[in-house]
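Q: Sequence:
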Amino acid sequence: MNRLIVMVIGCAAVAASLTAQTPKYGVTVKAEKNVDFAKFKTYSWTQGQPSPDKTIDGQVVAAVDREMSALGMTKAASGTGDVMVAYYSLSRTDVNLKAKPDAAGALPQYPVGTLMVTLLEPGTRRRLLQLRIDKPISGSRDELEGVIGGAVAELFAKYPTRAQK
Numbered sequence: 005m006n007r008l009i010v011m012v013i014g015c016a017a018v019a020a021s022l023t024a025q026t027p028k029y030g031v032t033v034k035a036e037k038n039v040d041f042a043k044f045k046t047y048s049w050t051q052g053q054p055s056p057d058k059t060i061d062g063q064v065v066a067a068v069d070r071e072m073s074a075l076g077m078t079k080a081a082s083g084t085g086d087v088m089v090a091y092y093s094l095s096r097t098d099v100n101l102k103a104k105p106d107a108a109g110a111l112p113q114y115p116v117g118t119l120m121v122t123l124l125e126p127g128t129r130r131r132l133l134q135l136r137i138d139k140p141i142s143g144s145r146d147e148l149e150g151v152i153g154g155a156v157a158e159l160f161a162k163y164p165t166r167a168q169k
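Residue 5 is where the sequence shown starts when you use the numbering used here, and the numbers rise one by one after that.
Derived by calculation from the structure, the hints in this document are not laboratory data.
Incorrect hints may appear among the rest.
Stated by the list, open to error - With a cut-off of at most 16 angstroms between alpha-carbon atoms, the simulated EDC-like pairs for lysine to aspartate or glutamate come out as follows:
#1 139 to 125
#2 34 to 149
#3 139 to 98
#4 45 to 61
#5 34 to 138
#6 45 to 86
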């Protein structure tokens with residue numbers, strides 16, 4: 005009887021760990037409480053972890069600039085704005101553990117991109133807002149600008165002043 009209980013608990017633990025490893029795709033938002041995001045009118049860029057690919061870096065910056073403009077913010081002409089903006093990007097390969105292996109025994113793999121845009125308080129660099137998207141990447145290199153623009157638009161759709169509406 006004790007052996008059965010141990011086996012059931014062991015199976016439950018394995019199932020829980022597999023469930024915990026299931027990647028979650030989509031947008032996550034972490035915003036500081038008691039911050040009036042509507043008061044921000046200007047922004048300036050600061051160093052994050054940009055894409056090493058200069059073309060992708062330029063596309064991300066342009067897409068974020070468009071979204072910041074759509075929020076009514078302008079890039080500070082000189083000095084530091086009301087907030088500082090940084091972005092962080094990385095790519096990884098996810099493996100579908102639930103799929104059947106191919107003839108060689110390999111499980112399906114697919115590329116996933118992570119993009120995080122943060123708004124920081126000037127001076128202290130305290131994180132006021134973190135917008136993050138994890139998304140499978142598909143399509144050709146020519147389609148990448150549209151994918152990046154769409155991902156950034158998804159992020160900013162969750163901006164606190166938009167989410168309240």
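Q: All hints, please: hold or fail.
A: Status of the hints after comparison with the structure:
1. 139 to 125: violated (28 angstroms)
2. 34 to 149: violated (26 angstroms)
3. 139 to 98: holds (11 angstroms)
4. 45 to 61: violated (24 angstroms)
5. 34 to 138: The given pair, whose Cα atoms are some 14 angstroms apart, holds under the 16 angstroms limit.
6. 45 to 86: holds (7 angstroms)
Checked against the numbered hints given earlier, this structure breaks hints 1, 2 and 4; the rest are met.
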